[in-house]
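Undergrad: Listed below are the residues making up each chain.
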Amino acid sequence: MVASDFNANYGNSVAGEKLADEQLDSVKSMQAGKRLIITGCAVAVLGIILYCYFSFSAAFEVPAAARESLLLVGAGVVLWFWGAIKYFMAAICADAREELF
Amino acid sequence: MNDAAYSKLPIGCFPRENSLSAWASAKLAKRVEELHPAYFALVMATGIVSTGCYLFKLKDLAFILFAVNILAYFSLCLLYAIRAIVFQSRFTEDWSSHKRAFGFFTVIAATNVLGTQINLLFHNWQLAEVLFWIGLVLWLVTTYGIFVLLIVKKDKPSIETGINGGWLVSVVATESICVLGCQINPHFLTGDVLALFNLSFWLFGGMLYIWLISLIVYRYMFFSFEPTDLIPPYWINMGAMAITTLAGCELGKTFEAVEPVCQIMPFVKGLTTMYWATASWWIPMLFALGVWRHGVKRLKFSYDPLYWGLVFPLGMYSVCTLKLSILLNIPVLSNLARVFIVIGLIAWLVTFLSMAKRPLFACLFFVSTAWRSSQHQYNQKKENP
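Protein sequence lines correspond, in order, to chains A and B. Count the first sequence with the working numbering and you get residues 1 to 101, in order. Count the second sequence with the working numbering and you get residues 1 to 385, in order.
I should point out that these hints are in silico values taken from the structure, not numbers from a laboratory. Hints are not guaranteed to be accurate.
Stated by the list, open to error - When the alpha-carbon atoms are kept at most 27 Å apart in a straight line, the in silico DSS-like pairs for lysine-lysine are as follows:
#, chain 1, residue 1, chain 2, residue 2
1, B, 297, A, 34
2, B, 99, B, 153
3, A, 86, A, 34
4, B, 253, B, 57
5, A, 28, A, 86
6, B, 357, A, 28
7, B, 99, B, 154
8, A, 86, B, 357
9, B, 99, B, 297
10, B, 357, B, 300
11, B, 27, B, 99
12, B, 357, A, 34
13, B, 59, B, 300
14, A, 34, B, 27
15, B, 99, B, 156
16, A, 28, B, 59
17, A, 86, B, 300
18, B, 99, B, 30
19, B, 357, B, 297
20, A, 86, B, 27
21, B, 99, B, 300
22, B, 27, B, 300
23, B, 381, B, 99
24, B, 300, B, 30
25, B, 357, B, 30
26, B, 253, B, 27
27, A, 34, B, 300
Keep in mind it's a predicted model, so treat the numbers as computed, not measured.
All chains should be modelled from the sequences, with the hints used to inform the complete structure.
TA: Put into C-alpha cells, the structure is as follows:
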C-alpha cells in the first residue's frame with residue numbers, strides 16, 4: 001500500500017498518519033518474515049542434501065560432517081519458525097487475519 | 001461472537017475473554033468436524049520416509065521421523081475417535097461418499113507402515129504383530145464396508161466427479177498387509193499358510209489396481225480435466241505400484257523356499273519388475289501434469305492434507321527400488337533409490353512446515369488477542385476503578 005492510499009483512507013490527521021505508519025511497519029515486518037521463511041526453508045533443504053551426501057559417501061560410520069549438516073537442518077527450521085512468527089504477528093497487527101485464516 | 005464478526009473487528013476493539021475462548025473452541029470443533037479421513041496419509045508418508053532413511057543408514061533422521069510419527073498416529077487416532085463420537089452424522093456420511101470414503105484406507109496403511117517401522121527400527125515384532133492384526137481387522141471392515149456402501153448407494157455421482165487417485169489407497173492398504181505380514185511371523189499363520197495368505201493379498205492388490213486405474217485413465221482421457229481436478233492423491237497412481245513392488249520383493253525374499261511361492265518364483269519376480277516399471281512410467285507423467293497445473297495454469301500452492309498423498313509415493317518408490325535392486329541383484333538401481341529418498345525427505349519437510357503454519361497462526365492469534373483483551377480490561381479498570 002502506498003502513502004497516497006493511506007492519505008486517501010485516513011486523511012492527513014495526526015491519528016491517521018500514526019495508523020498509516022503502523023500499517024506500513026506491519027507490511028514491512030510481513031515482508032521480512034516472508035524472506036526469513038524462504039531462507040529458513042532453503043537452509044533446511046540444503047542441510048538435508050548435505051546430510052545425505054556425507055552419509056552416502058561414508059563407508060561405515062556416520063561422519064561428523066553429516067551430524068553438522070543435521071544442525072543446519074535444525075537451524076533452517078528455527079529460521080522458518082522465526083519468520084513465520086514474525087509474519088503472522090505482523091499480519092495480526094495489520095488486521096489481515098481474514099485473508100489468512 | 002462468530003468467526004466473521006471477529007475478522008471484522010477493528011484494531012483497538014477487544015473481545016471479552018470468555019467469548020474469545022468460546023470462539024476458539026468453535027473454531028477447533030469445526031476443524032475436527034471437517035477433518036479429512038485421508039489425514040492418516042501423514043503417518044504413511046512419515047513412516048515410509050523414516051523406513052527409507054533407516055535402510056540408507058540415515059539413522060538420526062529415521063529416529064526423529066519415528067518420534068514425529070508416533071505423536072501423529074496417536075493424535076490422529078484421538079481426533080478420529082472424537083469425530084466419530086461427537087460428529088457422528090458427518091463421520092457416517094464420509095463412509096458412503098465417493099470422494100472421501102477411500103480416505104479411510106489410509107488408517108490401515110498407516111497402521112501397517114508404523115508396524116513395519118517399529119519392527120525395523122526396534123526389532124519389536126510383538127508390537128508390530130499387534131498392529132498387523134489391528135490393520136487386518138480394519139482392512140476387512142473398511143474394504144467390505146466401503147465397497148458395499150458405494151455399490152448399494154442410490155444417488156451416485158458421475159465418473160467425472162466421483163473418481164480420483166485417492167481410490168488407489170485401497171490398493172496401498174491391501175499391499176501394506178502383505179508387506180508387514182512378510183516381515184513378521186504372525187501367530188495362527190505359519191509356513192505355507194502364511195505364504196499363501198501374503199501371496200493372495202499381493203495378487204488381489206495388483207488386481208484391484210488394474211480395476212481402479214482403468215477407471216482413472218478413462219476419466220483422464222474422456223472427460224474435461226481442470227487444474228483443480230489434479231489433486232495430489234493422483235501421485236498414488238505411482239505409490240500404489242511402488243508398494244506393490246515392495247510387497248513382491250518382500251514376498252520373494254521371505255518365502256523363496258516356501259510353498260506355494262517357491263513354485264512361482266519367476267512369476268513373482270517378473271510381475272514385481274512389471275509393477276516397478278509401471279511406477280517408474282508414472283513419475284514423468286505426474287511431473288509433467290504438475291508442471292501444467294502449477295506452471296502453465298498458475299494454480300497457487302497452498303497446504304492441503306492431501307499433499308501427504310504425494311510425499312508417500314516418493315518415499316515408497318525409493319524403498320521399493322532399493323529392495324528390487326537386491327532381489328534382482330542390480331546394484332546400480334540403489335543410486336536411483338538414493339536420489340528418491342533425498343527428494344522424499346525434502347518433500348516431507350516442505351509439507352510438514354506448510355502444515356505447521358495453520359496451528360501456529362491460530363495459537364499466535366489466540367494468544368495475542370487474549371493478551372490485548374486482558375490489557376484493555378486492565379486499562380479500563382484503572383481508568384474507572
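Undergrad: Next step is simple, just say for each hint if it's right about the structure.
TA: Checked hints:
1. B/297 x A/34: Status holds; Cα separation ~24 Å.
2. B/99 x B/153: 13 Å, holds
3. A/86 x A/34: 8 Å, holds
4. B/253 x B/57: 21 Å, holds
5. A/28 x A/86: Holds, at roughly 10 Å.
6. B/357 x A/28: 20 Å, holds
7. B/99 x B/154: Roughly 15 Å between the alpha carbons, so the hint for residue 99 of chain B and residue 154 of chain B holds.
8. A/86 x B/357: 12 Å, holds
9. B/99 x B/297: 24 Å, holds
10. B/357 x B/300: 16 Å, holds
11. B/27 x B/99: 24 Å, holds
12. B/357 x A/34: Roughly 12 Å separates the two Cα atoms, so the pair holds.
13. B/59 x B/300: The hint is violated at about 35 Å.
14. A/34 x B/27: 26 Å, holds
15. B/99 x B/156: With Cα atoms ~11 Å apart, residue 99 of chain B and residue 156 of chain B stay inside 27 Å; holds.
16. A/28 x B/59: 41 Å, violated
17. A/86 x B/300: 23 Å, holds
18. B/99 x B/30: At roughly 20 Å apart (the allowed maximum being 27 Å), residue 30 of chain B and residue 99 of chain B satisfy the hint.
19. B/357 x B/297: Between residue 357 of chain B and residue 297 of chain B the Cα gap is close to 25 Å, so the pair holds against 27 Å.
20. A/86 x B/27: 23 Å, holds
21. B/99 x B/300: OK: residue 99 of chain B and residue 300 of chain B at ~22 Å, within 27 Å.
22. B/27 x B/300: 25 Å, holds
23. B/381 x B/99: Not satisfied, since the Cα-Cα distance of roughly 54 Å exceeds 27 Å.
24. B/300 x B/30: With a Cα-Cα distance of about 25 Å, the restraint between residue 300 of chain B and residue 30 of chain B holds, given a limit of 27 Å.
25. B/357 x B/30: OK: residue 357 of chain B and residue 30 of chain B at ~18 Å, within 27 Å.
26. B/253 x B/27: Given pair residue 253 of chain B, residue 27 of chain B is violated - Cα atoms ~50 Å apart, limit 27 Å.
27. A/34 x B/300: 16 Å, holds
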